[in-house]
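Between the sequences and the hints, there should be enough to build the whole structure, so can you do that?
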Amino acid sequence: MQRTLLFAFLIIISGSCIKETDPVIIDLNDSYLSGKGVFVVNEGNFRSGNGSLSFFSYDSLKIYNHVFLDINKRPLGDIPYSMNVLGSKAYIVVNNSDKIEVVNGNDMKSVAVINGIKSPRYISFVSDTKAYVTSLYSDSITIINLLTNSVSGYIDIKKTSESIVALYSDAYVASWINGNKIMIINTLNGRVTDSITVGREPESMVIDKNENLWVLCNGGWNRDYFAELIGINTRTKVIEKRFIFPFKTDSPTCLRIDKKGETLFYLQNGVRAMKIDAEGLPSSALIPGHDHNFYKLGVNPENSEIFVTDVGDYTQKGYLIRYSIAGTIISSYQTNIIPGSIYFKVDPETDIQ
Amino acid sequence: MIKEVEIKGKSSWNDYAGIKMTRIDSSLKSAYDQHTLADLISDNSLIYIKTYGSGGLATLSFRGTGSGHTQLAWNSVNLNNPMTGQFDLSLVPAGLVDDVSIFYGGGSMCINSGGFGGIIDLETKPDWSGKTLIYINPAAGSFGNYSGLLKIKTGHAGFQSVTKAYTRSAENNFSYLNNISGNEPFWETRRNNQISQTGFLQELYYKNSHNTYSARFWYQSANRNLPVPIIASALYPCEKQNDESLRAMITYETSKGSNDLSLTAAFISDKLNYKNEVVSVDSRNNSERLLLKGDLDRRINKLLRVQFSVSNELTRIRTNNYADEKVRNMLSGDGLIRVTLTRWLAGRFLVREILLDKKFLAPDFSIGTEIKPFTEKYYYIKASFSKNSKVPTLNDMYWSPGGNPELENENGFLSEITLDLTNIISNSFSINNDFTLFRNNLKNMIQWHPGESYYWEADNLNDVLTSGIEASVCVSYSSERMSASMNAGYTYTKATSTDFNNGNTLSSGKQLIYNPANQANVLLRVGWQRFYSSFNSYYTGKRFLTADNSQYLPQYTISDLKLGLRFKAAKTSYDAGFIIENIFNAMYQNIAYYPMPGRNYLVTVTFQLIK
Chain A
1 MQRTLLFAFL
11 IIISGSCIKE
21 TDPVIIDLND
31 SYLSGKGVFV
41 VNEGNFRSGN
51 GSLSFFSYDS
61 LKIYNHVFLD
71 INKRPLGDIP
81 YSMNVLGSKA
91 YIVVNNSDKI
101 EVVNGNDMKS
111 VAVINGIKSP
121 RYISFVSDTK
131 AYVTSLYSDS
141 ITIINLLTNS
151 VSGYIDIKKT
161 SESIVALYSD
171 AYVASWINGN
181 KIMIINTLNG
191 RVTDSITVGR
201 EPESMVIDKN
211 ENLWVLCNGG
221 WNRDYFAELI
231 GINTRTKVIE
241 KRFIFPFKTD
251 SPTCLRIDKK
261 GETLFYLQNG
271 VRAMKIDAEG
281 LPSSALIPGH
291 DHNFYKLGVN
301 PENSEIFVTD
311 VGDYTQKGYL
321 IRYSIAGTII
331 SSYQTNIIPG
341 SIYFKVDPET
351 DIQ
Chain B
354 MIKEVEIKGK
364 SSWNDYAGIK
374 MTRIDSSLKS
384 AYDQHTLADL
394 ISDNSLIYIK
404 TYGSGGLATL
414 SFRGTGSGHT
424 QLAWNSVNLN
434 NPMTGQFDLS
444 LVPAGLVDDV
454 SIFYGGGSMC
464 INSGGFGGII
474 DLETKPDWSG
484 KTLIYINPAA
494 GSFGNYSGLL
504 KIKTGHAGFQ
514 SVTKAYTRSA
524 ENNFSYLNNI
534 SGNEPFWETR
544 RNNQISQTGF
554 LQELYYKNSH
564 NTYSARFWYQ
574 SANRNLPVPI
584 IASALYPCEK
594 QNDESLRAMI
604 TYETSKGSND
614 LSLTAAFISD
624 KLNYKNEVVS
634 VDSRNNSERL
644 LLKGDLDRRI
654 NKLLRVQFSV
664 SNELTRIRTN
674 NYADEKVRNM
684 LSGDGLIRVT
694 LTRWLAGRFL
704 VREILLDKKF
714 LAPDFSIGTE
724 IKPFTEKYYY
734 IKASFSKNSK
744 VPTLNDMYWS
754 PGGNPELENE
764 NGFLSEITLD
774 LTNIISNSFS
784 INNDFTLFRN
794 NLKNMIQWHP
804 GESYYWEADN
814 LNDVLTSGIE
824 ASVCVSYSSE
834 RMSASMNAGY
844 TYTKATSTDF
854 NNGNTLSSGK
864 QLIYNPANQA
874 NVLLRVGWQR
884 FYSSFNSYYT
894 GKRFLTADNS
904 QYLPQYTISD
914 LKLGLRFKAA
924 KTSYDAGFII
934 ENIFNAMYQN
944 IAYYPMPGRN
954 YLVTVTFQLI
964 K
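Just so you know, the protein sequences line up as chains A and B, in that order. Be aware that the first sequence starts at 1, since it is given in the working numbering, and climbs by one per residue. Be aware that the second sequence starts at 354, since it is given in the working numbering, and climbs by one per residue.
Each hint can be trusted.
With a cut-off of at most 16 Å between alpha-carbon atoms, the simulated EDC-like pairs for lysine to aspartate or glutamate come out as follows:
#1 B:Lys725 <-> B:Asp773
#2 A:Lys118 <-> B:Glu630
#3 A:Lys73 <-> B:Glu537
So, partial list: chain B residues that the calculated Cβ filter (under 8 Å) puts toward chain A:
#4 Asn532
#5 Val581
#6 Thr899
#7 Asp901
#8 Tyr905
#9 Pro907
#10 Met940
#11 Tyr946
If you are wondering where the hints come from, they were derived from the structure by calculation, not from laboratory data. Backbone N, C-alpha and C fix where the C-beta goes; we use that ideal spot for every residue, glycine too.
Okay, here's the thing in structure tokens:
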């Protein structure tokens, strides 16, 4: 008995020497980042720190999860939300960690961490040396100096912001939560020059081949307003098209456009597709939602394949589902928890879109 | 450390036939007067405490069940918040209570319903010796931790007054190594982690030949800042939480002939306000409960005792998180038979019916048996099987959005068998071992899941199976000048989801999150004349963080050392204690990305006057 107790005691004491403190991921994959592929930003659960980055490789037709952790030996952060690339650098916006991770586009090795950005959502490059970052809670746009990877200033737009699109010397910023404005910032002098009133809660935006700005307004989380799809002439700043969704319960999200800038895609009980010159909203889904819980959408600019994330019950691993342009399923791949924004690596060297 | 309960007074060895019940040694409890209940239970039992850190929310997880399935009672009155179903152990100093009893599994039905894992009963009581006690216990420790506890017990053989008051404040600004926020690890100081709390307990007792009357009043409040996980950014201003509770209880007990009668009325008010200015959340939650309870215990003959109990609990919730004010009434009736079949065999059968508002629930029951194979030895075999129910919390039913008023109650089928052996080698030396196997099959578990709209909804979705073993050994030695003891325990708990009805089966059969499969602890105590010391160490195995078990928190072991001296004069005594907590400076996390303090110190001084 005494020996048994001594053994148990020594085991307990020996545990004090264990050096691991932070969460540990089981079965990390070898990352495979060369070649063409698709990045998926997995948001993870709020304050759980289980956000991550996945990469689907066209070469191996496999998905590699925990890419950032595997390479940099630390977690990506809490609620990584979006990603963008400029030249050889990729910028991963980590919303609830108030930071942007700057990594090499080729190998995802960390280059810098830009901290202290209040609840960042999206980053848009307005020049080779300057980027704007939108914010869920701040009324200001944060200006990033891309040469020093640091915050260089703020632009007070007096509203919180979500999606952002830069075209020539204008940046169009959507005021999402409880908002109904698109703010226009002159990127040369950093001043707000104009605003356009749109529908309730403009959630996502794209530019078409005619340089018109398309804005998807989802009507508000509480369904108090009708959702709208709005087309704005960026030269005149005038709304030229306005499609109102038929029911207040309609809540479309995640507007995307194909490489040619001719076909719009968005999520509403599945994936819907609509030509930019269509006279009305599509009445049926190209890809029905059925048993899925679709969350984010991407259209491969090279081959027009449609990728959609399925978040399941939000607590377990989700899926990246790959469809042909005709809406036929090709394959699906297990990601991590809450797979969100999708980015395409079309140039084997660096380019991500 | 846990010590097998000693049955005294009217109770006999078979009063709790088949039930595993333990009591935390009172001499050990006194060493925790300046700690919270969470610290006391975490260090000295194998119950898992899920805590957000010093001063942060601390909840119980017993035998693999959730925090809402382990209950906390004060003199048998349930204290779990009716909105959340939980009790925050960090808000109660251990020095406030006189006894801590732990009822495992189905044994919890002796006290209340819904404790699938068990119930911890906190007892406050008078000292009828007629002496006056004045007890003053200030303490100061690392990270701006200051506290004070005052107890005054006075009266005579027929009347007793007990007064207790405490205060505590802490900065909790400890340092930790942050190796996740940048490419190089760096030391960081925990911010926005302050807590300030006060409390007051007044009890009055009166007794005559057959009757005892008591009145108890307990007020406590706590203000704290809530730190964020280190992987998230700090909020400015930070999140704040204010808890305020008022508990009042009057009891009448009488004993005439073969009948014992007990009547209790209690009023419990809990206020919890949470504020997050960054996201404009100002959550205000008030619950009020009025509880009436009566027990009649009748000894039919030497072999048979019956007990009838009726309790009614009226709950009212006012919160800005429900659509409107909610009121719920729960009427419960129990029948209990205790039978001593032979000198070595006893049994117990309890049946309970609950009327929830106007709806009768399926009856619950608990059956237990206890065998004492050798008259002259303290060896027991205990076995029980129970069906227990837990009504949904009011948040599950009415939280807006997502609450589901149509929820059904959760059911647990609980079985266990315990072998309990005590060997008294001599007057000064004894050894106690116990070994338990348990298996709990929990049905209709409530789970929040994504709904068809933006928000999540509550439903009866999940079945859970928990099973495992518990083993402990206690060796104690005492002589005129010296005392020494060693307590060690180990538990293995397998807790899995068995029937996931929401379409995603990745978690089916996997260990539930934040449920360590392995836990162990050891406590060594040595006292020699005026000097006393203790060393305790507890091990917590890895805990999975994701339902599919793809991520876990590493195991850790925390050890504490206490050294002290006691001086006694005629009517006064002094005690000076020095405690080193986490003596090996282990870096660990109990909840992911919430760092815990490294090595820290606490100095306590106790002055006690008895006359």
